[in-house]
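Let's have the full structure, built from the sequences with the hints guiding it.
As they're listed, the protein sequences go chains E and P.
Here this note's numbering is used: the first residue of the first sequence is 1, the next is one more, and so on.
Here this note's numbering is used: the first residue of the second sequence is 1, the next is one more, and so on.
Simulated from the structure, these hints should not be mistaken for laboratory data.
Don't take every hint at face value.
Within a straight-line C-alpha distance of at most 30 Å, the following computed BS3-like cross-link-like pairs (lysine-lysine) qualify [unchecked claim]: (1) E:Lys56 with P:Lys53; (2) P:Lys202 with E:Lys98; (3) P:Lys53 with E:Lys98; (4) P:Lys19 with E:Lys98; (5) E:Lys98 with P:Lys310; (6) P:Lys202 with E:Lys49; (7) E:Lys56 with P:Lys211; (8) P:Lys65 with E:Lys98; (9) P:Lys19 with P:Lys62; (10) E:Lys56 with P:Lys310; (11) P:Lys211 with E:Lys49.
So you can see what is in the structure, the chains are spelled out below.
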Amino acid sequence: MKPFLIPQSISALVSLLPQYPHAVIFTRAVNLALNDRLRDEVWQPLHGKRVCIRVKDAGIAFHFTLDAHGMLARHAVSRPDLTISASAQDFFLLALRKEDPDTLFFSRRLLMEGDTELGLLVKNTLDAMELPPLDFHALLPAHLLGRLRTRLLA
Amino acid sequence: MQPEKIELVCPAGSLPALKTAIDHGADCVYMGFRDDTNARNFTGLNFSFDNAKEGVRYAHAKGRKVLLALNTYPQADGWQRWRTAIDNAAELGMDAVILADPGLMQYAAKTHPELRLHLSVQGSATNYEAINFYHEMFGIRRAVVPRVLALAQVEQLMAGTPVEIELFGFGGLCVMVEGRCALSSYATGDSPNTRGVCSPPKAVRWQETPKGLESRLNGILIDRYDPEEKAGYPTLCKGRFDVEGETYYAIEEPTSLNTLELLPKLMNMGIAAIKIEGRQRSPAYVEQVTRVWRQAIDSCRRDTQSFTVKPAWMAELGKVSEGQQQTLGAYYRPWK
Chain E
1 MKPFLIPQSI SALVSLLPQY PHAVIFTRAV NLALNDRLRD EVWQPLHGKR VCIRVKDAGI
61 AFHFTLDAHG MLARHAVSRP DLTISASAQD FFLLALRKED PDTLFFSRRL LMEGDTELGL
121 LVKNTLDAME LPPLDFHALL PAHLLGRLRT RLLA
Chain P
1 MQPEKIELVC PAGSLPALKT AIDHGADCVY MGFRDDTNAR NFTGLNFSFD NAKEGVRYAH
61 AKGRKVLLAL NTYPQADGWQ RWRTAIDNAA ELGMDAVILA DPGLMQYAAK THPELRLHLS
121 VQGSATNYEA INFYHEMFGI RRAVVPRVLA LAQVEQLMAG TPVEIELFGF GGLCVMVEGR
181 CALSSYATGD SPNTRGVCSP PKAVRWQETP KGLESRLNGI LIDRYDPEEK AGYPTLCKGR
241 FDVEGETYYA IEEPTSLNTL ELLPKLMNMG IAAIKIEGRQ RSPAYVEQVT RVWRQAIDSC
301 RRDTQSFTVK PAWMAELGKV SEGQQQTLGA YYRPWK
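The structure is reproduced here in structure tokens:
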């Protein structure tokens, strides 16, 4: 299968938009999707570290940190502790457990810069979760609304 | 002699990987605990006692086996840790433990005589005298033989021992000074046989630079890739180095072993099991590789004579291979 890439003309436009709001939406979505699974103490080494997810073909970079309550959007810094870069499609395949990160790395579709040990912790902890990080069933609108409601009422 | 069944032994670095392997046709899975008692000692990888318990339950419920890799050499300050790992393996009902260190074999044989012992590839036994020694001394029932032997040599070795033989069928290759490699300790102070890692992640750095993607181990530049070039694991043995003005893979090229086409031969030889490398890989890899090998083994068992390797299998395995290239390794060399 030939990897799908977002056309350059679109990514050039997107990259001109402010990045922080993307990061806010991204972190909210991840917090909802992973719910309590981000509160596990195995994530502790990542707390306070500056992490950047770079969607190469979309021209977007999400900057965030993690703490005991979940992910927090942050403004961009020039040297994050960990940067993970791939195309939108490849991030999607990884989240669905359809593709192996080492496979993507060997073919230069995935890159991890900065603290490799933190990166490996992220990869292995996501792998060890019973359900794939992106579980379509959990992302059905009814489920998400239900979770949002529980959280707002809590 | 043809065995009743050739076992497919698949890697599990996590519970989802273990379940994936079982669900896609592994006869056995092998795993390690979350410490330096195994040779894939990576952050966040491997099994806690409770995870391992659930893994054993899942596998046994489906009639499959679980093997535990305790394949590093205990260090002076950690003997208790390795011993506890053996005790835990016995308590968990592991179907076998894969050991390299004779001290550990003796402890296991004396303390848990019912625990089945396999000789790890890290034990580096390349002849039947060595294998028989482990068999007579500690009751080793199966040996995983190093990947330096040609098939004719494996055949000769099998004729001289009652011990079952397990061969590597697929996965990343190393320079295969198995059980004796200390190369990475020159750069990092750690080595696979003492700490369970060739390249400890804390020492690995990748960086995009104007000259290309650089891969460094403890600050030492070990490779630089052009934009379209395939990459490999950041180990010293697979780096490209400047040797008298010429830069090349001075030790070995990143590549994966793939012995699919030798399957009929391996079955006819009476090999007990085929091992798939890759406990460090994700469930996606385990699924892809297990599925292909299950199909190939079933197809070969139905009819060894007319077995042919499907191009789709090779393409699937090629995709997940290190450096995205494959070799038959030493198995198929004409010289000995």
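Taking the hints in turn, this is what the structure says about them:
For the proposed pair Lys56 of chain E and Lys53 of chain P, the alpha carbon gap of about 41 Å is over 30 Å, so the pair is violated. Our distance criterion of 30 Å between C-alpha atoms is met by Lys202 of chain P and Lys98 of chain E, whose separation comes to about 27 Å. For the proposed pair Lys53 of chain P and Lys98 of chain E, the alpha carbon gap of about 27 Å is at most 30 Å, so the pair holds. Proximity of Lys19 of chain P to Lys98 of chain E is assessed by CA-CA distance (about 15 Å); at most 30 Å being required, the pair is judged to hold.
The straight-line distance between the Cα atoms of Lys98 of chain E and Lys310 of chain P is roughly 22 Å, inside the 30 Å bound, and the hint therefore holds. Only pairs whose Cα atoms come within 30 Å are accepted, and Lys202 of chain P paired with Lys49 of chain E is accepted, the gap being roughly 15 Å. Simply put, Lys56 of chain E and Lys211 of chain P have alpha-carbon atoms about 19 Å apart, close enough for the 30 Å limit, and the pair holds. For the given pair, Lys65 of chain P sits about 26 Å from Lys98 of chain E by alpha-carbon distance, which is consistent with the 30 Å threshold.
Straight-line distance between C-alpha atoms of Lys19 of chain P and Lys62 of chain P comes to about 10 Å, which keeps the hinted pair within the 30 Å bound. At most 30 Å may separate the alpha-carbon atoms for a hinted pair to count; Lys56 of chain E and Lys310 of chain P exceed this at roughly 35 Å. Between Lys211 of chain P and Lys49 of chain E, the direct Cα distance comes to roughly 28 Å. Compliance with the 30 Å bound is thereby established for this hinted pair.
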